[in-house]
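Asks: As they're listed, the protein sequences go chains A and B. According to the numbering used here, the first sequence holds residues 24 to 504 in order. According to the numbering used here, the second sequence holds residues -7 to 85 in order.
There could be a bad hint or two in this list.
In silico DSSO-like cross-links for lysine-lysine, where the CA-CA straight-line distance does not exceed 30 Å [what the hints assert, rightly or not]:
| no. | chain 1 | residue 1 | chain 2 | residue 2 |
| --- | --- | --- | --- | --- |
| 1 | A | Lys437 | B | Lys80 |
| 2 | A | Lys403 | A | Lys414 |
| 3 | A | Lys414 | B | Lys32 |
| 4 | A | Lys403 | B | Lys80 |
| 5 | A | Lys410 | A | Lys33 |
| 6 | A | Lys39 | A | Lys50 |
| 7 | B | Lys17 | A | Lys117 |
| 8 | A | Lys273 | B | Lys32 |
| 9 | A | Lys410 | A | Lys288 |
| 10 | B | Lys80 | B | Lys(-6) |
| 11 | A | Lys288 | A | Lys33 |
| 12 | B | Lys32 | A | Lys403 |
| 13 | A | Lys117 | B | Lys32 |
Derived coverage of chain B by chain A (criterion: at least 3 residues anywhere in the stretch with Cβ under 8 Å from a Cβ of chain A; other residues may be distant) [said to hold, decoys possible]:
| no. | region |
| --- | --- |
| 14 | 0 to 7 |
| 15 | 38 to 44 |
In short, the hints are calculated from the structure, not lab data. Ideal Cβ positions, reconstructed from N, Cα and C, are used throughout, including at glycine.
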Amino acid sequence: MNLKNITADKLVALYKNRDLTATEVIKGVYEQIEHVDKDVHAFLSLNPERALAEARRLDAQIAAGERLEPLAGVPFAIKDNIAIRDLQTTCGSKVLEGYISPFTATAVERLRAAGAIVVGKANCDEFAMGSTTENSGYFVTRNPHNLDRVPGGSSGGSAASVASGTSLIALGSDTGGSVRTPAAFCGVVGLKPTYGRVSRYGLVAFGSSLDQIGPLSKSVREAAQTLAIMAGFDQFDSTSADTAVDDYLKNLDASINGIRIGIPKEYFIPGLDAEVRARIEAGMRVYESLGCELHEISLPHTEYAVATYYLIATAEASSNLARYDGVRYGQRRAGNAPLQEMYRRTRADGFGTEVKRRILLGTYALSAGYYDAYYLKALKVRTLMLKDFQKAFEHVDVILSPTSPTVAFRIGEKTSDPLSMYLSDIFTITQALAGLPAISIPCGKNSENMPVGMQLVTNHFQESLLLNVAYQFEKAGGFTV
Amino acid sequence: MKINESDVEYVAKLAMLEVGPDETKALAQQLSRVVEYVEKLNQLDLSGIAPTPQVVTSGRHAVRDDRVVPRTGSSEAGRTVKLFKVPKVITER
């Protein structure tokens, strides 16, 4: 069974009409995984017994004529930094090899209550630190559109799974673009909600002032449906927002005639690939034809985004990752050595190179004598970026840009130069620093047949407008621009 | 600012990381490049600008009621092997 040509809403309708059983679909998913995942490597671990048991239970409910939940029998892949009880949670790190979660993340719990079936845990860069999934401690995930290319990261397994038809919808996490970049590189939809919109209880912390869980899917409607179920206050996450959750699905069909779209001039820089630029400009024409107004805007502090992000995110990470000390989670080395030596050996063996680099950078930025010069300074520049957006949203409703300056690059192309890898995140970082919702949607392909992603951004908690504007593009055939 | 090998060793000690001598040199070079790059923030006049440690998007930042609820699964945490077992802290000199 190939899930490439079907979306969640259609699948649930097929169940309702009894044209398909969930058992057939879930069995088909595992056949597809066996068929393609030996090349794509999207999954770190699979959950077949439980998934098939859930499918059989659903089939019994369908036979009994029970009302179906909105995601009934929809196969999900979950990024391996999101906890699910009784399943391994490694975050793509050797330090957590064999660690079994004692509880389930709120986002996953809500999806399961809505009928979702988790088929497996998706590969990612170790602790979500990376832009290509090459930093996984286990193996590299490959781009289903071209196996020699990266799938993007850090939620590369999630994106590659959706794109290769081994799940219908996947969850990722976005700290500086980790949902949006892989969505763009794999030609799927990837949504980062407003900071605080989706509970992070059960999401393993990387950059606590940035992290958000978001869905990856083939259609905007599926993203809206998934967000509608996950969003909302959770007493188990102290940063969870108690802002009302809009009816994202109902608003998809609203007209976008007269919507003001801002085009930030700082994103159309010399480093932007000419073909990506051409696809995005074709996307702008689609919006014009739908009655939207295009306005050039300025986000003047964009050029400082990478520097600001790599100070704040690494500082937070150096603190968050202190807990992997061989005592409470996962692996332990030198168990008979004195405590501090055990800590150091466990961490030296367990963490990969990029994670060590970021812990060291973050520790440096927070250390005595450098706190004011680096970390505090970055927090102040973040204020300027937030003000850039606030000013822009006085004049426009949505901001449109490329998601990434290039299409997916070759595996190994940037691994030797960490700074050039960091610079590839330039378009997805400022929204994370400002806590804004953003979506990457497919915007055609380049001459090498690689997908191009277009990013849309709205003000805090305006996911309803964001999804509406994205959906109208999809409906107008924009994906094939 | 250049980060030299002894800076790497010092920071590694603070971060409880063991870094091999071969790694130290490469890390010093890579971190120097990143630190030199982030120093572009010095171009900005930040006087009078307040820091934003977190974008606060909601009035209620949850402090949940102080009562035991079943959901965290903490009672089952002990199933994970080696959990909470700590080697000796005080060593003889």
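Asks: Between Lys288(A) and Lys33(A), is the straight-line Cα distance small enough, at 30 Å or below?
Replies: violated (40 Å)
Asks: Is the straight-line distance between the alpha-carbon of Lys403(A) and that of Lys414(A) 30 Å or less?
Replies: holds (17 Å)
Asks: Are Lys273(A) and Lys32(B) close enough, with their CA atoms no more than 30 Å apart?
Replies: violated (45 Å)
Asks: Checking one constraint from the list: CA of Lys414(A) to CA of Lys32(B), max 30 Å. Satisfied?
Replies: Answer holds: Lys414(A) to Lys32(B) is near 24 Å, not above 30 Å.
Asks: Hint check: Lys410(A) vs Lys288(A), CA-CA at most 30 Å. Holds or violated?
Replies: holds (17 Å)
Asks: Would you mind confirming whether the straight-line C-alpha gap from Lys117(A) to Lys32(B) stays at or under 30 Å?
Replies: Distance of about 35 Å is beyond 30 Å: violated.
Asks: Is Lys437(A) within 30 Å of Lys80(B), Cα to Cα?
Replies: violated (43 Å)
Asks: Checking one constraint from the list: CA of Lys80(B) to CA of Lys(-6)(B), max 30 Å. Satisfied?
Replies: violated (39 Å)
Asks: Please verify whether Lys17(B) and Lys117(A) have alpha carbons no more than 30 Å apart.
Replies: The given pair, whose Cα atoms are some 24 Å apart, holds under the 30 Å limit.
Asks: Straight-line Cα separation of Lys410(A) and Lys33(A) no greater than 30 Å?
Replies: violated (42 Å)
Asks: Can the restraint linking Lys32(B) and Lys403(A) be considered satisfied, given a maximum Cα separation of 30 Å?
Replies: holds (14 Å)
Asks: When you check the alpha-carbon spacing of Lys403(A) and Lys80(B), does it fall within 30 Å?
Replies: violated (43 Å)
Violated hints for the displayed structure, listed by number in ascending order: 1, 4, 5, 8, 10, 11 and 13.
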